[in-house]
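Asks: These protein sequence lines are chains B and W, in that order. Be aware that the first sequence starts at 5, since it is given in our numbering, and climbs by one per residue. Be aware that the second sequence starts at 667, since it is given in our numbering, and climbs by one per residue.
One thing to keep in mind: the hints can contain errors.
Said to hold, decoys possible - Per the computed footprint, the stretches of chain W lying under chain B, defined by three or more beta-carbons under 8 Å from a beta-carbon of chain B, are:
no. : region
1   : 707-717
2   : 760-774
3   : 957-970
4   : 982-988
5   : 1059-1068
To be verified - Computed beta-carbon distance windows for the label pairs:
no. : chain 1 : residue 1 : chain 2 : residue 2 : range
6   : W       : Asn1016   : B       : Ser237    : 29 to 35 Å
7   : W       : Ile720    : B       : Leu47     : 34 to 40 Å
8   : W       : Ser1011   : B       : Glu123    : 43 to 49 Å
9   : B       : Arg252    : W       : Thr903    : 51 to 57 Å
10  : B       : Asp269    : W       : Leu953    : 27 to 33 Å
11  : B       : Glu123    : W       : Leu953    : 55 to 61 Å
12  : B       : Ala145    : W       : Phe1043   : 41 to 47 Å
Because the hints were derived from the structure by calculation, they are not lab data. Ideal placement from N, C-alpha and C gives every residue a C-beta, glycine not left out.
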Amino acid sequence: MTADRSGDGEVPAGDDRVSLAVWKFASCDGCQLTLLDCEDELLAVADRFRFAHFLEASSAVDDGPFDVSLVEGSITTADDVSRIHDIRERSAVLVTIGACANAGGVQALRNLADVDVDELRSIVYPSPELISTLASSTPIADHVEVDLELPGCPIDRNQLLEVLAAFLAGRAPNLPTTSVCVECKARDLVCVAVAGAEPCLGPVTRSGCGALCPSVGRGCYGCFGPAEAANTSSLVERLRGDGVDDGRLTRLLHTFNAWAPGFRDQPVAVADPTRSGR
Amino acid sequence: MPSTSSPGDDPAPGDRASTIVPASELDRLIQVLRRQGRTVIGPTLGDGAIVNDIVESADELPWGWTDEQAPGRYRVGRLPTSEAFGFANPTQSFKRHLHPPRTVLFAASRDHGGGSAEVPVTIAAAESAPPALALVGVRSCDLAALARLDAALTPRTGSRATRSWGDGAGATPTANVDGGPLRALEPFVVAVSCSRPGQTCFCASMGTGPTPGTGYDLALTELVDGGPHEFLVEAATDAGRAVAAELLGRPAGAVDHGRAAAMADRAAAAMGRRLDPDDPPAAGRHLDHPRWRDVGDRCLACANCTLVCPTCFCGATEDVTGFDGEPDLERTERHLVWDSCFGSSFSALNGNPVRASTADRYRHWLLHKLVTWHDQFGTSGCVGCGRCITWCPVGIDLTEEVAALARPTTGVAS
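Full structure from sequences and hints, please.
Replies: Written out as structure tokens, the structure reads:
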């Protein structure tokens, strides 16, 4: 499916590649850099996709419309709200990439705490009057229709390539929504939770990373967000039974996907900025 | 010099050749199998657990190590003795060799000229040259599971896998021509009687252990009863007898078989758990038991139980295209990957799961495993290995759930 490019003077004649746009909201750029990180496949991708708007790669941009938009980051300003609607209107397919775009990111911790944004602004910035921000950080899907969400902090490069390849083939991408445990067992990794003493969010976290952290003996910290049917409260009860206190549970659950349904509604203490360190 | 025992002069009961070999002969056994060109898979210590992996010498066996298993908990520890098989069972069974986590079913390539214009695509069966395997240290539970998994994966007469639909209705289906994956792999199987069952083990109540039933080439019993550290080696096939003939030992006598039988009795009595055979059918009659909802509240739907289960065989298909290499944009592959009935997509029809709640999925899994497996395959789907109990992150105990579900007046959720 190729969008109408009438009025777009920057597309070379005869260029029938898919137009791809990459957008940034409140985020660290790590997810969109994953596209540049596809080093071995980048030329093959560029053969089929034209980077119509990708500021991390090129300052040459066009106005669209775009066949595919990858959207990184969360909505934290009034300007963001109007910009995402504009991008949606110019995009045939809109894919959000990463925990910020899907769940509000680590900056959504403010949604969970009783924080006075105006006060924080005056504490942090020397010229607070220059800062315009909303009181919340919200996912893209709270504002516009999203066709696909690619999880992770950052996203997995193989899953990104899978989405692009599936788009070209006209098939549904293979993006499992099952738990990280499925990838651990497929790799025959020894469970760090059952056979070790690592608090691990793997059983309630969406797969797709290839069980990266358990493969190096670390517990999953949930950067891919909740698996479908995540029963986080049951896992929390188990971790409490193992002696993990509420402060540590809070820090475990309230990271990149703190505002994701399935993690945010857990019966653990709300992140408290005045809490003493670990 | 190698000692051979032919059925004719075997002093043991039955017609199985049996030999007593010292523990040091385990390495010769492994080397004989390796010289046959086989990759030897057996227990070894890895990442704080006893795992099944490639072993190249007997040094890699977990000598002197044991496991402690409990619901949702696993630890390794040292034994006062230097047993090679002094543990209950490795983290995973041999399932991944019959039913790998990912298998290429076939590939399709776009035909650029040469092919029929109507079908500009070439379909090719996946190239498969499975390695010749020797499975060493197969517990009786896992031995039973090999046969049950094989039966489940074998196309059967009249099954949906082979039945002809449409114009072919009424045609005679192909039945068991190629057999299952076990026949295709033809692994050499060295079973080992269980001497130290775990707290989550219940094979004795399932009739699958602790001594191996059928399906092995060689069965070992590690004699660790205070006497000399020896192995009773029993051969059940020609291949097994040929390998046993390479080992240095002496013919086993009645005393040796008595030692092995006594150890089996002790192992059977040491099972940490049991499953009453009357309970699963009773649970199957209590479909609205409140315990289902209770267990659904605890279950994480993470799928660990189904993945470590040595007989769970479900899979999903994925079509794979890529950018470079194989497959690329001109070539696609269809893969069969592990799936689990605990995922929502497993029962999705028209986009929505038939079994919407985790309680529904747990009920489906447990009743298939313990009840309807009998209707489908003529056996239980459970061999009593206890892995679903140990490796459940929240320690849900299948034996405890079944016992509660069988009794309508108990086990009501809070």
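Asks: Run every hint past the structure and note whether it holds.
Replies: Hint check results:
1. Given a C-beta distance limit of less than 8 Å, the hint that chain B covers the region 707-717 of chain W holds, as 5 residues qualify and 3 suffice.
2. Residue count for the region 760-774 of chain W with a Cβ under 8 Å from a Cβ of chain B: 3. That meets the three needed, and the coverage hint holds.
3. Proximity of the region 957-970 of chain W to chain B, defined as three or more residues with a beta carbon under 8 Å from a beta carbon of that chain, is established by the 8 residues found.
4. With 5 residues bearing a CB less than 8 Å from a CB of chain B, the region 982-988 of chain W meets the requirement of three and the coverage assertion stands.
5. By the rule of at least three residues with a Cβ nearer than 8 Å to a Cβ of chain B, the coverage given for the region 1059-1068 of chain W holds, with 3 such residues.
6. For asparagine 1016/W paired with serine 237/B, a C-beta distance near 30 Å keeps the hint of 29 to 35 Å intact.
7. The hinted window of 34 to 40 Å between isoleucine 720/W and leucine 47/B holds, with their beta carbons roughly 37 Å apart.
8. For serine 1011/W paired with glutamate 123/B, a C-beta distance near 46 Å keeps the hint of 43 to 49 Å intact.
9. Roughly 55 Å separates the CB atoms of arginine 252/B and threonine 903/W, a value that falls within the hinted 51 to 57 Å.
10. For aspartate 269/B paired with leucine 953/W, a C-beta distance near 30 Å keeps the hint of 27 to 33 Å intact.
11. Separation of glutamate 123/B from leucine 953/W is about 57 Å and conforms to the stated range, judged on CB atoms against 55 to 61 Å.
12. In this structure, alanine 145/B and phenylalanine 1043/W meet the distance hint of 41 to 47 Å, their C-beta atoms being roughly 44 Å apart.
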